[in-house]
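Q: Residue-level listing of the chains:
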Amino acid sequence: MTNYWPLLGIALVVLGFALRFNPLLVVAVAAIVTGLLGHMPFLKVLGVLGHGFNENRIVTLIYIVLPVIGLLERYGLQQQARSLISRMRGATVGRVLILYLAFRQIFAALGLTSVAGQAQTVRPLVAPMALAAAEKEHGALDEDTAEHVKAMSAATDNVGLFYGEDIFIAISSILLIQGALKAFGIELTPFELSVWAIPSAICAFLIQSTRLLLLDRQLKRRSQ
Amino acid sequence: MITMQLLYVLAGAIFASFGVASIRNSENPKRWANAAFWSLLAASFWFGDLLGDIGNGALVLALVGLAGLHLLGRDAKESTTVEERQRFSERYGSKLFLPALIIPFTAFLGTLLFNYTPLKDSGLIEPKSVTLVLLGVGVIIALVVCYLWLRPPAMSAVDEGGRLANAIGWAIVLPQMLAALGAVFAAAGIGDTIGHVAGAIIPQGSIFFAVLLYALGMVAFTMIMGNAFAAFPVMTAAIGFPILIQQDGGRAAVIGAVGMLAGYCGTLMTPMAANFNIVPAALLELKNQYGVVKVQVATAIPLLICNILILYIAGFRL
Chain A
138 MTNYWPLLGI ALVVLGFALR FNPLLVVAVA AIVTGLLGHM PFLKVLGVLG
188 HGFNENRIVT LIYIVLPVIG LLERYGLQQQ ARSLISRMRG ATVGRVLILY
238 LAFRQIFAAL GLTSVAGQAQ TVRPLVAPMA LAAAEKEHGA LDEDTAEHVK
288 AMSAATDNVG LFYGEDIFIA ISSILLIQGA LKAFGIELTP FELSVWAIPS
338 AICAFLIQST RLLLLDRQLK RRSQ
Chain B
4 MITMQLLYVL AGAIFASFGV ASIRNSENPK RWANAAFWSL LAASFWFGDL
54 LGDIGNGALV LALVGLAGLH LLGRDAKEST TVEERQRFSE RYGSKLFLPA
104 LIIPFTAFLG TLLFNYTPLK DSGLIEPKSV TLVLLGVGVI IALVVCYLWL
154 RPPAMSAVDE GGRLANAIGW AIVLPQMLAA LGAVFAAAGI GDTIGHVAGA
204 IIPQGSIFFA VLLYALGMVA FTMIMGNAFA AFPVMTAAIG FPILIQQDGG
254 RAAVIGAVGM LAGYCGTLMT PMAANFNIVP AALLELKNQY GVVKVQVATA
304 IPLLICNILI LYIAGFRL
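Those protein sequences? They're chains A and B, same order as listed.
In my numbering, each residue's number is its place in the first sequence (first place is 1) plus 137.
In my numbering, each residue's number is its place in the second sequence (first place is 1) plus 3.
Please note: incorrect hints may appear among the correct ones.
[As the list claims (entries may be wrong)] Some but not every residue of chain A turned toward chain B, in silico, with C-beta under 10 Å:
1. 168
2. 249
3. 257
4. 340
[As the list claims (entries may be wrong)] Just the calculated beta-carbon pair ranges, DEER-fashion:
5. A:274 <-> B:4: 48 to 54 Å
6. B:151 <-> A:226: 31 to 37 Å
7. B:127 <-> A:278: 23 to 29 Å
8. A:322 <-> B:98: 43 to 49 Å
9. B:124 <-> A:178: 46 to 52 Å
10. A:224 <-> B:195: 55 to 61 Å
11. A:243 <-> B:291: 27 to 33 Å
12. A:321 <-> B:152: 19 to 25 Å
13. A:243 <-> B:96: 25 to 31 Å
14. B:4 <-> A:322: 32 to 38 Å
15. B:131 <-> A:243: 35 to 41 Å
Simulated from the structure, these hints should not be mistaken for lab results.
Ideal Cβ placement from N, Cα and C applies to all residues, glycine included.
Turn these sequences into a full structure, and let the hints guide you.
A: What follows is the structure, given as structure tokens:
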């Protein structure tokens, strides 16, 4: 007989996020409730939670770049990123971000996923460049437009990473797929799997680029 | 040999420095709580392996308490004004990009150099963590270059790192917390339960409908877990292998690779993938913490349709 009660933990997460409670609190409460409903004693749940946290420290590691980024911002890095773009003729939000998308996908496909990212490149360089390009096309931006341009910069980084990395044969997700299929007696090489990431990568590039060009058009129309 | 352990020591030191910066910011009335938060994180990086599972669990609860009870302050004062920054940027020009590029270049060139020269066998760096170790090396080089060139006040790196860290706040540990939640979900058997449910509603006969359920199942489960990795083994066991590969004779490489990529469409649409979707909103100082997720939906849905078609055509029709 399957115990369906732990699924309540998922409902708690959804509800907690929707009601905008502090996400850390939501996650901790959901973890404890799920564990208890799964017939684990409290200390066992706490142990699993602690163990999982400790084993996944690598996720938080990337923030070691903050002192460098902060220091350079103190000396005008964002301003410099802006002025570089505003001096460049023909630079638009769409073109700047499409170029970045291509760069991000290619590097990720070569296995270099952590050379760029939200903290390393998007905040200090990509977002200020996209904003400067938008201002060039459109004049001073209202708050909603600036917010949208920044969000698109972050989104472009994510799309580029997700739909580039699986082309690399030694990335963890390819190894995971290989392992999961092997459990059912299907032997595949990483290469056989990673070539099938290419069609989706092309679709991702085309879709995101189209949206970025539409954004350019929308900004242009509004400024006329 | 340089291992992840050494990198964690460096990371712990940097998180501890965020704590020091928090205390130094006397304009933040909640500065002691901020300092406690970063100190706990530093302790986790330094001593996590010595604390034991229950000890780590208690550390997690303390972090959650500080954030969840709204004890953290967000006041991150700027050390220079916009005008000063403008003047600095005119003085230093495009050379300001160089230190920022040192980090990715060290990681990139270093990885190539390491993997394609005899260095690989020298035992200098633990092979599976080369890029991350080199990222750490890049941070140190960049800091040294900044100090020699820009000659900032001695505590600048500490204060500036702390300023950014406090602007992002608790969101920095959310991705790690979600990974820990995933571990609890796994221990409580959530994956098997969902696989059970998904397997039970599979219809017979229509290959396209089975493909659709497999892809949508990947998306839904990924959105719940915030991570396609957790969803993949479950959906493979429930639908991917028994129905699509074994019963309908689909091409296994396509079912595997594109199934995972369909899951990534879910990653684009969920706040549970906090490091990609929530942290950037804080980093970019967006008003709406779901701003990034919101703009990604319009990319994720057409991309999901593409992935479903690729699964069906390349998996069954080619």
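Q: So, for every hint listed, does it hold in this structure?
A: Hint by hint, here is what the structure shows:
no.	hint	result
1	168	holds, 4 Å
2	249	holds, 6 Å
3	257	holds, 6 Å
4	340	holds, 4 Å
5	A:274 <-> B:4: 48 to 54 Å	holds, 52 Å
6	B:151 <-> A:226: 31 to 37 Å	holds, 35 Å
7	B:127 <-> A:278: 23 to 29 Å	violated, 48 Å
8	A:322 <-> B:98: 43 to 49 Å	violated, 58 Å
9	B:124 <-> A:178: 46 to 52 Å	holds, 48 Å
10	A:224 <-> B:195: 55 to 61 Å	holds, 58 Å
11	A:243 <-> B:291: 27 to 33 Å	holds, 31 Å
12	A:321 <-> B:152: 19 to 25 Å	violated, 57 Å
13	A:243 <-> B:96: 25 to 31 Å	holds, 28 Å
14	B:4 <-> A:322: 32 to 38 Å	holds, 37 Å
15	B:131 <-> A:243: 35 to 41 Å	violated, 23 Å
When each numbered hint is compared with the structure, violations occur for hints 7, 8, 12, 15.
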